[in-house]
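Working from the sequences, and respecting the hints, build out all of it.
Chains as they are written, first to last, in the working numbering: chain Z, 47 to 569; chain G, 24 to 431.
Just so you know, these hints were derived from the structure itself, not from any lab.
Take these hints with a grain of salt, some might be off.
[Claimed, not checked] Derived SDA-like pairs (lysine to any residue); straight-line CA-CA distance at most 25 Å:
1) Z:Lys-50 to G:Pro-351
2) Z:Lys-541 to G:Ala-367
3) Z:Lys-529 to G:Arg-361
4) Z:Lys-337 to G:Gln-338
5) Z:Lys-541 to G:Ile-348
6) Z:Lys-541 to G:Asp-174
7) G:Lys-360 to Z:Leu-313
8) G:Lys-360 to Z:Asp-479
9) Z:Lys-541 to G:Thr-268
10) Z:Lys-343 to G:Glu-341
11) Z:Lys-343 to G:Gly-128
12) Z:Lys-541 to G:Gln-350
13) Z:Lys-529 to G:Ala-367
14) Z:Lys-343 to G:Gly-288
15) Z:Lys-343 to G:Pro-351
16) Z:Lys-541 to G:Gly-330
17) Z:Lys-541 to G:Val-340
18) Z:Lys-541 to G:Arg-372
19) G:Lys-360 to Z:Tyr-351
20) Z:Lys-529 to G:Gln-350
21) Z:Lys-473 to G:Asp-174
[To be verified] Partner residues are not named here, just some residues of chain Z that face chain G (Cβ under 8 Å, in silico):
22) Arg-81
23) Ala-325
24) Thr-490
25) Gly-530
26) Arg-532
27) Leu-545
28) Leu-556
[Said to hold, decoys possible] Cβ-to-Cβ under 8 Å is the rule here; a few derived chain G residues that face chain Z:
29) Arg-140
30) Asp-174
31) Tyr-192
32) Leu-194
33) Glu-195
34) Gly-196
35) Phe-327
36) Leu-328
37) Arg-354
38) Pro-365
39) Asp-385
40) Thr-387
Just so you know, even glycine gets a beta-carbon here, dropped at the ideal spot from N, CA and C.
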Amino acid sequence: MDLKTEVLIIGGGATGAGIARDLALRGIPSLLVERGDFTSGASGRNQGLLHSGARYAVNDPEAARECIGENRILRRIAPHCIEPTEGLFVSLPEDGPEYRANFIRACAAAGIDALPLSPRETLAMEPRLNPRLIGAVQVPDGAIDPFMLVVENVRDAESRGARFLIHTEVTGLIRDGLRITGARVRDRIADKSYAIAANWVVNATGAWANLILGMAGIRIGLALSKGSMLLTNTRLSERVLNRCRPPSSGDIIVPNDTVSILGTTSLREDDLEHYEVTAEEVTFLIDELSKMIPDVKNERFNRAYAGVRPLLQSQEASDDREISRGFALIDHGSGSGSAGLVTITGGKLMTYRLMAEKTADFLCERMGLHVPCITHLQPLPGAGLGNTLRDRLLHLRRQTPAARGEILCDCELVPREAVDAILREGKVRELQDILHRTRLAKGTCQGGFCVYRLLGLLNELHGEQGSDGSNVVLRSFLEERWKGIRPILWGTALKEEELIESIYKGLFNLVPEEPGRTGGGAT
Amino acid sequence: MKRFDLIVLGTGLAGLTAARTAVETGAKVLIVGRGMGAVTLFGNTIDLLGTIPPGTDIAEGIARWIADHPEHPYARTGVKGIEDALADFRGLFPPPYGFAAEDNGNSLLPTGAGTIRPTYLFPVTMAAGAAMIPSETLIVGFRGFKDFQGDTVSLHLKCRGVNLALPRYGLEGTTALALARLMDAASFRERLGEAIRRQMGGERFIGLPAVLGLRNPAAVLKTLEKTTGARVFEIPLLPPSIPGTRVFHRFREELIAKGATFLMGHSVSRANVKGGRCEGIAVENPPLVTEYCADRYILATGRFLGGGLWAEMEQIVEPLFHLPIFQPGEREQWFGKRFFDPEAHPIHRAGIVTDADLRPVDETGRVVLENVRAAGSILAHHQAIEEKSREGIDIATGFLAAKRALAT
Chain Z
47 MDLKTEVLII GGGATGAGIA RDLALRGIPS LLVERGDFTS GASGRNQGLL HSGARYAVND
107 PEAARECIGE NRILRRIAPH CIEPTEGLFV SLPEDGPEYR ANFIRACAAA GIDALPLSPR
167 ETLAMEPRLN PRLIGAVQVP DGAIDPFMLV VENVRDAESR GARFLIHTEV TGLIRDGLRI
227 TGARVRDRIA DKSYAIAANW VVNATGAWAN LILGMAGIRI GLALSKGSML LTNTRLSERV
287 LNRCRPPSSG DIIVPNDTVS ILGTTSLRED DLEHYEVTAE EVTFLIDELS KMIPDVKNER
347 FNRAYAGVRP LLQSQEASDD REISRGFALI DHGSGSGSAG LVTITGGKLM TYRLMAEKTA
407 DFLCERMGLH VPCITHLQPL PGAGLGNTLR DRLLHLRRQT PAARGEILCD CELVPREAVD
467 AILREGKVRE LQDILHRTRL AKGTCQGGFC VYRLLGLLNE LHGEQGSDGS NVVLRSFLEE
527 RWKGIRPILW GTALKEEELI ESIYKGLFNL VPEEPGRTGG GAT
Chain G
24 MKRFDLIVLG TGLAGLTAAR TAVETGAKVL IVGRGMGAVT LFGNTIDLLG TIPPGTDIAE
84 GIARWIADHP EHPYARTGVK GIEDALADFR GLFPPPYGFA AEDNGNSLLP TGAGTIRPTY
144 LFPVTMAAGA AMIPSETLIV GFRGFKDFQG DTVSLHLKCR GVNLALPRYG LEGTTALALA
204 RLMDAASFRE RLGEAIRRQM GGERFIGLPA VLGLRNPAAV LKTLEKTTGA RVFEIPLLPP
264 SIPGTRVFHR FREELIAKGA TFLMGHSVSR ANVKGGRCEG IAVENPPLVT EYCADRYILA
324 TGRFLGGGLW AEMEQIVEPL FHLPIFQPGE REQWFGKRFF DPEAHPIHRA GIVTDADLRP
384 VDETGRVVLE NVRAAGSILA HHQAIEEKSR EGIDIATGFL AAKRALAT
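In structure tokens, the structure reads:
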């Protein structure tokens with residue numbers, strides 16, 4: 047089953063999905079392959095922050111201007127993916143008034159609305175803030191749902207003819223002399239390999255850029271920086287809270303639906319497949335952010351996770367935070383003898399659309415086409431549909447108990463019907479795909495209960511694969527869940543984990559797989 | 024201040040056993056607990072030591088285990104102590120709803136995940152599960168009851184499965200407890216039996232979620248077996264546990280009948296410790312705080328889930344008496360890197376270390392509180408989840424703690 051396309055996009059993060067949409071709107075056919083599900087990389091492992099750009103205003107005015115520009119565009123084209131919370135830059139006594147004054151000037155210069163607030167005004171807006179604060183500045187930060195943003199880009203592109211293949215990984219690039227003419231790929235679930243021929247190959251794999259480039263014998267200077275985050279069980283604030291000081295680790299709390307995300311750290315990372323959040327990072331984030339909200343010390347956490355930022359290497363920088371968060375579009379034709387291969391990397395979620403625009407502009411230019419970009423003008427298909435917690439609750443209330451049906455996830459009120467609808471669409475291929483597309487397993491128990499309830503549905507998805515008695519799906523879910531849970535186990539979370547362990551290892555007798563041992567399975 | 028011979032802290036199986044052992048001797052007992060105890064979550068069967076393969080004599084297996092694990096709670100009770108305690112437990116459940124073992128060894132019973140698990144004593148309502156033949160078994164689930172996925176169970180056990188729809192009972196979103204209460208009504212179980220019979224294709228065994236009533240499970244079993252002509256068994260499922268709730272209710276009924284004071288829904292806010300002895304406890308019943316005292320105390324407050332242990336960010340503590348706790352290293356080391364690590368997570372070894380009399384000791388082996396004993400899962404050096412020893416430890420140490428406490 048070999049395929050052909052005009053542009054082959056590698057990577058189903060925000061950038062890749064954005065490129066597919068941009069090309070589709072310009073009438074250029076494309077096919078996107080993604081190794082896992084959409085947003086498996088940094089696009090799904092960030093703070094979900096709609097930057098105002100204020101964070102960069104002092105150190106990197108260019109990035110700040112880019113951000114505020116995209117911020118305004120996203121509010122227009124993707125209002126349903128955004129919670130317009132506003133943000134505060136909070137000065138504690140140790141941050142001093144000097145940086146604050148610089149910050150206000152720099153925001154003005156970058157065109158970012160910045161409203162200085164007195165301590166009293168600040169505390170009235172966010173009562174859980176440290177009462178010792180000396181002031182705050184309000185900026186147009188917000189919260190964004192990256193998964194929904196990506197899926198919406200995909201949906202729009204798909205309706206205009208773009209194709210998407212998830213769980214499909216690139217195993218090699220196809221070369222014809224000095225030109226790259228496609229890629230060999232493998233469907234990881236069906237374990238089938240085939241080739242995709244393309245006139246252009248776009249490497250939009252973010253931190254994995256060098257993995258793809260290595261297949262063409264190319265390497266670019268990328269620094270990989272791990273950022274770890276903590277997810278709370280409750281929402282700590284109404285607005286995004288930043289420390290008003292030079293960018294550093296542990297300086298931000300982003301509200302996200304019913305929870306908050308504490309971030310971040312910045313540590314060099316070499317191993318892209320096995321990185322984890324350490325106990326040290328967890329302790330650091332809690333110590334640091336409890337300076338802003340003292341209650342953080344007593345908060346129950348649901349999960350910890352980390353993402354890897356692809357940072358373009360610069361010679362003189364000593365600290366990863368000083369490396370520009372800017373992006374680069376690299377044509378591997380002239381110098382590297384791989385015409386037709388383009389890499390777009392660096393950058394951040396906020397600039398995904400701009401990165402897509404630049405990539406599509408470049409491809410159009412090379413194709414000799416003169417079609418302008420309209421992604422900044424054309425709203426995403428779901429724009430105007432409500433998706434807040436309030437909307438979800440109203441929707442449930444409007445239904446009669448009979449129509450509402452079974453609620454699979456009691457933490458997040460996910461009805462069985464929502465999962466059935468996704469299964470009917472036929473695009474999901476494994477449990478994690480369903481979890482990405484719903485709020486299942488995102489609540490306090492992190493799926494400890496609802497995954498059992500999903501098993502019946504999964505039997506349909508996996509058929510006989512799950513019937514060898516070893517509970518493969520359940521085990522791999524619990525193992526994946528563990529990565530996020532293990533770093534936050536103390537206090538209440540640890541107590542509740544004893545329940546989950548008692549259920550799956552105790553009551554259900556799922557035991558570690560050992561060669562030659564079938565314990566826990568049916569006879 | 025109200026005075027007792029013995030105060031038991033905790034209403035799990037360890038506390039219930041200790042209190043019952045004490046009332047049998049005529050002692051004046053107070054038992055106090057915050058909730059219904061972990062037995063109502065997981066206590067489907069009585070596990071003793073699941074690592075002993077079926078077919079091996081349990082007493083021999085445990086004797087070997089004790090020799091290999093001298094710090095294990097079973098090393099305190101000994102094989103004889105376990106046997107005596109279990110005999111007492113079984114005495115509380117006379118036929119028709121009795122507990123039995125198969126050939127003095129472990130049996131393998133099906134679970135709600137379609138796995139099989141070893142256990143020692145099981146109620147009469149589960150007996151057919153140990154004997155079932157997959158090709159001759161029908162697994163019955165209820166449409167709308169999400170905590171028992173009958174399809175998953177039948178798929179893994181390689182049986183046939185059906186999901187019964189019982190529209191007139193409105194089972195959409197129902198719970199185990201609601202189903203158990205329905206089963207208590209004779210009319211419901213007769214209709215259910217009929218509905219099952221219509222689905223049968225010559226099967227000789229029928230597996231149902233473990234919800235066969237709270238009041239008279241043996242009668243439910245009898246009705247279903249009579250209507251269907253097959254042997255019927257309960258399959259343990261997600262908490263809460265209906266069979267465990269039956270155990271809890273039976274103990275409570277017995278304790279109250281024998282004159283024990285049963286305080287449920289209250290937490291013990293403070294223990295008054297003086298000169299190496301506990302002199303009293305304060306029970307919180309807002310806005311009132313009541314003081315109780317006794318000559319002896321048994322601490323059976325469970326592990327983290329029960330509130331007997333608490334994990335601070337740096338260490339594990341016992342919040343009531345601040346007893347010394349065997350620590351599982353730094354936080355980073357509490358849990359293995361994988362959920363299914365071959366070794367049990369080190370934190371499960373944490374707990375209270377005791378002398379032979381179950382009195383808590385410090386690192387030097389010195390008794391900390393002369394009139395306080397610890398029983399149940401709060402004890403150190405067992406791995407109840409992996410070993411499948413939860414109920415055995417509760418019953419054996421609860422029994423021993425009460426005997427030793429009253430001997431002084």
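Each hint tested on the structure:
Taking the CA atoms of Z:Lys-50 and G:Pro-351, the gap is about 58 Å. The hint is violated against a cut of 25 Å. Restraint check for Z:Lys-541 and G:Ala-367: satisfied, since their Cα atoms lie roughly 16 Å apart, inside the 25 Å limit. About 8 Å separates the Cα atoms of Z:Lys-529 and G:Arg-361, which keeps this hinted pair within 25 Å; it holds. A threshold of 25 Å between alpha carbons decides the hint, and for Z:Lys-337 with G:Gln-338 the separation of about 23 Å falls inside it, so the pair holds.
Only pairs whose Cα atoms come within 25 Å are accepted, and Z:Lys-541 paired with G:Ile-348 is accepted, the gap being roughly 17 Å. At roughly 31 Å between alpha-carbon atoms, Z:Lys-541 and G:Asp-174 are farther apart than 25 Å, so this suggested pair is violated. Under the criterion of a C-alpha separation no larger than 25 Å, the hint pairing G:Lys-360 with Z:Leu-313 is consistent with the structure, at around 20 Å. Restraint check: the Cα-Cα separation between G:Lys-360 and Z:Asp-479 comes to about 24 Å, which is no more than 25 Å; the hinted pair holds.
A distance of roughly 21 Å separates the Cα atoms of Z:Lys-541 and G:Thr-268; the hinted pair therefore holds under the 25 Å criterion. A C-alpha spacing of about 20 Å is found between Z:Lys-343 and G:Glu-341, which places the hinted pair at or below 25 Å, so the restraint holds. Proposed proximity of Z:Lys-343 and G:Gly-128 is contradicted: the alpha carbons are some 49 Å apart, above 25 Å. Taking the CA atoms of Z:Lys-541 and G:Gln-350, the gap is near 16 Å; set against the 25 Å cutoff, the hint holds.
With a CA separation close to 17 Å, the supplied pair Z:Lys-529 and G:Ala-367 stays within the 25 Å bound. For the hint linking Z:Lys-343 to G:Gly-288, the alpha-carbon distance of about 28 Å lies beyond 25 Å, and the restraint is violated. The suggested pairing of Z:Lys-343 with G:Pro-351 holds, with an alpha-carbon distance near 23 Å, which does not exceed 25 Å. A C-alpha spacing of about 8 Å is found between Z:Lys-541 and G:Gly-330, which places the hinted pair at or below 25 Å, so the restraint holds.
Restraint check for Z:Lys-541 and G:Val-340: satisfied, since their Cα atoms lie roughly 13 Å apart, inside the 25 Å limit. Simply put, Z:Lys-541 and G:Arg-372 have alpha-carbon atoms about 15 Å apart, close enough for the 25 Å limit, and the pair holds. Straight-line distance between C-alpha atoms of G:Lys-360 and Z:Tyr-351 comes to about 14 Å, which keeps the hinted pair within the 25 Å bound. Taken as a hint, the Z:Lys-529 and G:Gln-350 pair is honoured in the structure, with Cα atoms around 23 Å apart against an allowance of 25 Å.
Distance restraint check for Z:Lys-473 and G:Asp-174: the Cα-Cα separation of roughly 23 Å lies within the 25 Å cut-off, and the hinted pair is therefore satisfied. A distance limit of 8 Å between C-beta atoms decides the matter here; for Z:Arg-81 the minimum to chain G is near 22 Å, and the interface restraint is violated. Checking Z:Ala-325 against chain G by beta carbon gives a least distance of about 4 Å; that is within 8 Å, so the hint holds. Nearest Cβ of chain G to the Cβ of Z:Thr-490: about 15 Å, over the 8 Å cut. The hint is violated.
Hint status for Z:Gly-530: violated, given a least beta-carbon distance of 11 Å to chain G, over 8 Å. For the restraint placing Z:Arg-532 at the interface with chain G, the shortest Cβ-Cβ distance is roughly 5 Å, inside the 8 Å limit, so the hint holds. Interface restraint check: Z:Leu-545 against chain G, minimum CB-CB distance 6 Å, threshold 8 Å, status holds. Given the 8 Å rule on beta carbons, the hint for Z:Leu-556 holds: about 6 Å separates it from the nearest Cβ of chain G.
Contact between G:Arg-140 and chain Z, as hinted, is supported at the beta carbon level, the nearest pair being about 4 Å apart and thus within 8 Å. Nearest Cβ of chain Z to the Cβ of G:Asp-174: about 5 Å, under the 8 Å cut. The hint holds. Interface hint at G:Tyr-192: violated, since its Cβ lies 13 Å from the closest Cβ of chain Z, which is beyond the 8 Å cut-off. With its C-beta approaching chain Z no nearer than about 10 Å, G:Leu-194 sits outside the 8 Å limit, and its interface hint is violated.
Annotation: G:Glu-195 was flagged as interfacial toward chain Z, and the flag holds, the nearest CB pair being 6 Å apart, inside 8 Å. Interface restraint check for G:Gly-196: the shortest CB-CB distance to chain Z comes to about 6 Å, inside 8 Å, so the restraint holds. A least Cβ separation of about 4 Å between G:Phe-327 and chain Z falls short of the 8 Å threshold, and the interface hint therefore holds. At a threshold of 8 Å, the smallest CB-CB gap from G:Leu-328 to chain Z is about 4 Å, leaving the interface hint in force.
Hint on G:Arg-354 holds. Least Cβ distance to chain Z is approximately 5 Å, under the 8 Å limit. With a cut of 8 Å, the hint placing G:Pro-365 at the interface with chain Z holds, because the nearest CB-to-CB distance is about 5 Å. At its closest, the beta carbon of G:Asp-385 sits 24 Å from a beta carbon of chain Z; the interface hint therefore is violated under the 8 Å criterion. Look at G:Thr-387: its Cβ only gets to about 28 Å from chain Z, farther than 8 Å, so that hint breaks.
The structure shown violates the earlier hints numbered 1, 6, 11, 14, 22, 24, 25, 31, 32, 39, 40.
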